[in-house]
Each structure stands twice: as C-alpha cells, then as structure tokens.
Amino acid sequence: MGSPQLVKLLLDTHIWIWSFLEPEKIGSRVRRALEDPAIEKWLSPISIWELLILVEKGRVELDMDAEEWVAQALATFPPKEAPITTEVVLSMCKIRLPHRDPADAFLVATAKVFELTLVTADARLLAIKGISSLSNH
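If you count by this note's numbering, then the sequence shown holds residues 872 to 1008, one letter each, in order.
FYI, nobody ran anything at the bench for these hints, they're computed from the structure. The reader is advised that the hints may include incorrect statements.
[Claimed, not checked] Below, computed lysine-lysine pairings styled on DSS-like, alpha-carbon distance capped at 27 Å: (1) K983 / K879; (2) K965 / K951; (3) K965 / K983; (4) K896 / K983; (5) K983 / K1000; (6) K879 / K928.
These numbers come from a predicted model, not from an experiment.
I would like the entire structure built from these sequences, with the hints used as guidance.
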C-alpha cells in the first residue's frame, strides 16, 4: 500500500484576500480545507503583485501600508511560496484563457507545474481542463 497523496492547495488571489478581509465569503468546504493542518497551502507571488495592484486602484482597502499588510498576512498564515520558475513561465505562455488575465494564467500554470489544487470562486478557472480545482461555491 502506498502512502496517501498529500493535498496541496494553491490559493487564488481573491481567496487569499477574503480569508483576511472578508472571511464570510469563504465557503464551508474551503474553510475546512484552509483550517486543516494536514493540507499544504501555497501562494504565488503573483497574488501579492495582484493585491498591490488592487490596492493601488482602490479596489481593495487595507487598514495599513500594503507591504506591512502583506508581511502580517504571511506571518499570520504562512503558506508555501509557489516559485515563478522557467517551467511555470513556459507553461503560462501555452495557456489560453478567454479573459486573457496574465495573473490567472500564471496561477493555472503554477497549479499544473507543481500539481496543486487551485482554490477559486472564479467559474472561468473552475472550467479549465487539466488542473485540479476546489470551488468556493
């Protein structure tokens, strides 16, 4: 008998942000997964970049400096960092999303390369074939 497969979750940017700023938006299945210490949680630096853009555009409001907020968030909930490798970039360039969002393409490529389950509420990402996903709905 082999050992059970370790579940590894890659958080979509909005799931990561909601877990701190709007936890009521996190569905019960996703909440249980996030609270389970046996499940690895991963975050791409792309999500941090995306958060900084959202703050700059005024679409996300933080109660402190964005860099300080990120540092506190990572200290409070320390995920594994999903590196942006050459393999991820090459995979990203092959992904054709209907909405052409480069951040989403990076997240999908990261999930593929590192065999992670993408946690998202985005129906467009949930519909992508070839990656494992966990719906927040």
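*asked:* Next pair to validate is K965 with K983; report whether the Cα-Cα distance is within 27 Å.
replied: holds, 12 Å
*Quick one, are K983 and K1000 close enough, alpha carbons at most 27 Å?*
holds, 10 Å
*Sort out whether K879 lies within 27 Å of K983, counting only the CA atoms.*
holds, 12 Å
*Taken at face value, is the distance from the CA of K951 to the CA of K965 at most 27 Å?*
holds, 25 Å
*Within 27 Å, alpha carbon to alpha carbon, are K896 and K983?*
holds, 26 Å
_Just to be careful, I want the Cα atoms of K879 and K928 compared with a cutoff of 27 Å; is the pair within it?_
The hint is violated at about 31 Å.
The structure shown violates just one earlier hint, number 6.
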